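Colleague: Turn these sequences into a full structure, and let the hints guide you.
There are 4 protein chains.
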Amino acid sequence: MTRHPPMVPVEFEDEFVRGLTEIFEQKIVFNQVLGLKITSLQPEAVTGLIAMKPDLVGHYAFNRLHGGVISAGLDAMGGLAVMAAIGARHMDEAPAQRLQRFAKLGTIDLRIDYLRPGIGEYFDLHAEVLRLGSRVASTRMEFRGVDGKLLSTGAGAYIIS
Amino acid sequence: MTRHPPMVPVEFEDEFVRGLTEIFEQKIVFNQVLGLKITSLQPEAVTGLIAMKPDLVGHYAFNRLHGGVISAGLDAMGGLAVMAAIGARHMDEAPAQRLQRFAKLGTIDLRIDYLRPGIGEYFDLHAEVLRLGSRVASTRMEFRGVDGKLLSTGAGAYIIS
Amino acid sequence: MTRHPPMVPVEFEDEFVRGLTEIFEQKIVFNQVLGLKITSLQPEAVTGLIAMKPDLVGHYAFNRLHGGVISAGLDAMGGLAVMAAIGARHMDEAPAQRLQRFAKLGTIDLRIDYLRPGIGEYFDLHAEVLRLGSRVASTRMEFRGVDGKLLSTGAGAYIIS
Amino acid sequence: MTRHPPMVPVEFEDEFVRGLTEIFEQKIVFNQVLGLKITSLQPEAVTGLIAMKPDLVGHYAFNRLHGGVISAGLDAMGGLAVMAAIGARHMDEAPAQRLQRFAKLGTIDLRIDYLRPGIGEYFDLHAEVLRLGSRVASTRMEFRGVDGKLLSTGAGAYIIS
Chain W
1 MTRHPPMVPV
11 EFEDEFVRGL
21 TEIFEQKIVF
31 NQVLGLKITS
41 LQPEAVTGLI
51 AMKPDLVGHY
61 AFNRLHGGVI
71 SAGLDAMGGL
81 AVMAAIGARH
91 MDEAPAQRLQ
101 RFAKLGTIDL
111 RIDYLRPGIG
121 EYFDLHAEVL
131 RLGSRVASTR
141 MEFRGVDGKL
151 LSTGAGAYII
161 S
Chain H
1 MTRHPPMVPV
11 EFEDEFVRGL
21 TEIFEQKIVF
31 NQVLGLKITS
41 LQPEAVTGLI
51 AMKPDLVGHY
61 AFNRLHGGVI
71 SAGLDAMGGL
81 AVMAAIGARH
91 MDEAPAQRLQ
101 RFAKLGTIDL
111 RIDYLRPGIG
121 EYFDLHAEVL
131 RLGSRVASTR
141 MEFRGVDGKL
151 LSTGAGAYII
161 S
Chain B
1 MTRHPPMVPV
11 EFEDEFVRGL
21 TEIFEQKIVF
31 NQVLGLKITS
41 LQPEAVTGLI
51 AMKPDLVGHY
61 AFNRLHGGVI
71 SAGLDAMGGL
81 AVMAAIGARH
91 MDEAPAQRLQ
101 RFAKLGTIDL
111 RIDYLRPGIG
121 EYFDLHAEVL
131 RLGSRVASTR
141 MEFRGVDGKL
151 LSTGAGAYII
161 S
Chain U
1 MTRHPPMVPV
11 EFEDEFVRGL
21 TEIFEQKIVF
31 NQVLGLKITS
41 LQPEAVTGLI
51 AMKPDLVGHY
61 AFNRLHGGVI
71 SAGLDAMGGL
81 AVMAAIGARH
91 MDEAPAQRLQ
101 RFAKLGTIDL
111 RIDYLRPGIG
121 EYFDLHAEVL
131 RLGSRVASTR
141 MEFRGVDGKL
151 LSTGAGAYII
161 S
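Protein chains in written order, with our numbering: chain W, 1 to 161; chain H, 1 to 161; chain B, 1 to 161; chain U, 1 to 161.
Because the hints were derived from the structure by calculation, they are not lab data.
Given the structure is predicted, the values throughout are model-derived calculations rather than measurements.
By construction, the Cβ of each residue, glycine as well, lies at the ideal position given by its N, Cα and C atoms.
Heads up, a few of these hints could be off.
[What the hints assert, rightly or not] To give an idea of the interface, some chain B residues facing chain H are shown, with a C-beta separation under 8 Å as derived from the structure:
1. L115
2. I119
3. L130
4. A155
[Unchecked claim] Computed far set for chain W versus chain B, every beta-carbon distance over 10 Å:
5. F12
6. V17
7. Q42
8. E44
9. M52
[Claimed, not checked] Quick partial rundown of chain H residues pointing at chain B, CB under 7 Å, derived from the structure:
10. K27
11. A51
12. L130
13. R135
14. S138
Modeller: Quick look at the structure:
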């Protein structure tokens, strides 16, 4: 995807961005539980944010983020990156039609590397598509502290259709 | 671990089981959010359960479990299996002392394979330790529907100390 | 795959077994370099064998198998398991036709856990398909010493078509 | 590692570079089979090269590199990156002493994502250490064609001591 950018840069319509944001932040209820918000949505990469809160604690002694919040957040962001890439590939379709493609997306598998403890008030999530095929997409994700420190990395494969 | 069982089978004391259960189900707050409960705790393997609830939905159209619930649950269960194996290795220590070892446990990395959609009222989680070294433990996990169908598998590496 | 066995057990024809063995052991040249041999070929699972030889050494001090031999062998075996499962699904096709499906198989991703050093004269490899979809197959692999000790485990996703 | 560079840049001695190159390219026999050569060796990152040859073919029809060559090469490069990072951390030791640390390095686990077929005359391998702890190191690897196209990515965890 990132290797073969379209000649004309893709600009998502407000309707598409609003629709995708609503699905991602509201309708996927567990993303609400995580407090996962989209901060940017581009065809090549997407970014998001999670604010620390008591529900997300994994280590009682250190007020540390649960590893599952990181894996869940990075899985969700990888899927969102795939959705953005698919959206950019089908700009000939109406926004509502493109959004329906999200329902068909599924994670095949996921790997998370936990590098450093998730301690902080906010966390930045980043995902990019390394390859968008006709049936499978591969993504790479990063989970960073507010100071930009790399806390975790991820890799995922997604089925599209 | 499973390859070199102790001559005398290890039986955990009630104090250890109660303490570990309280840490796992209560103090690790995000496990509470998941509704993750321990159903058995043996030195060789541990099992747990998650009940479906609206908070855990990942796919609005199909009332399907969010993949992040699966990765978070399997990560937690892998860690619990390591903790049980460590507990069995240090039966000479008092239960309270062994429980403190949990605070030092950390996930190095995790892989989840999503085989089938997580649809159902309850889900069974299983984890076993494939190797317990002095510094690193490797685990294998399974996520099943109530009918026993294999929905997801996992593999994790944990640092111990 | 293993969950929904066919009513009538599938028995592969000699032509299919010979053809698949020739492709796997001879035409895939790097499998020859590994000395990777098929020891059984069933629709549900496949097994293979690698004999230790100087070319495969990874650790000069301990005559230990190179981790890459393990990852390469398990990747190949996972693909073979998928090929056997596909072969069993298409018994209505002539053996030669089914064998052509091998050319379309590709690994999406692979995870290997190295549990114990690969020391020994022979190693047994095992692979099974956890799920055979229409586009993606997921497999689980094991690498064992002659005494049956589990040395490494693997998980792979494969694209089929 | 890459986040906290030493104040004074580390410059490896010729003796260390020659010694590490000899171990990596010659004594690790399977690296010889792969034809894996070091092209640069820095404390922050290492690069290498594999030339296509008949032994490495995985797909008879397309003269395509065997996936196992990629996984084996990236595993080896990840280990080399860790070794370089360890070498830089212990510049107070004599080169020969630092080289002995290589014997204690082991891969805990590995993930490879195969993005595009490995077709070409040469391949470039790259590895960097994302975190160098006291017991575990995490790395990220890339496998590229001569034109720079990203063909595969990898992630590994290594035990050090």
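Colleague: Hints first: check each against the structure and report whether it holds.
Modeller: Now for the hints, and whether the structure bears them out:
1. The closest approach between the C-beta of B:L115 and any C-beta of chain H is roughly 4 Å, which is under the 8 Å cut-off, so the hint is satisfied.
2. A least Cβ separation of about 15 Å between B:I119 and chain H goes past the 8 Å threshold, and the interface hint is therefore violated.
3. Residue-level restraint check for B:L130 holds (minimum Cβ-Cβ distance to chain H is 6 Å; threshold 8 Å).
4. The interface hint given for B:A155 is met, as the beta carbon of that residue sits about 6 Å from the closest beta carbon of chain H, less than 8 Å.
5. Listed as outside the interface, W:F12 is consistent with that label: its C-beta sits roughly 27 Å from the nearest C-beta of chain B, beyond the 10 Å cut-off.
6. The beta carbon of W:V17 is kept farther than 10 Å from every beta carbon of chain B, the shortest such distance being approximately 29 Å.
7. Listed as a non-interface residue, W:Q42 keeps its Cβ farther than 10 Å from every Cβ of chain B; the least gap is roughly 25 Å.
8. Non-interface status of W:E44 relative to chain B is upheld: no Cβ of that chain comes within 10 Å, the nearest being about 21 Å off.
9. Listed as a non-interface residue, W:M52 keeps its Cβ farther than 10 Å from every Cβ of chain B; the least gap is roughly 30 Å.
10. At a threshold of 7 Å, the smallest CB-CB gap from H:K27 to chain B is about 29 Å, leaving the interface hint violated.
11. Taking 7 Å as the C-beta contact cut-off toward chain B, the hint placing H:A51 at the interface is violated, the least distance being around 23 Å.
12. Taken as an interface hint, H:L130 checks out: its beta carbon lies about 6 Å from the nearest beta carbon of chain B, inside 7 Å.
13. About 14 Å separates the beta-carbon of H:R135 from the nearest beta-carbon of chain B, more than 7 Å, and the hint is not met.
14. Restraint check, H:S138 versus chain B: the minimum CB separation of about 5 Å is within 7 Å; hint holds.
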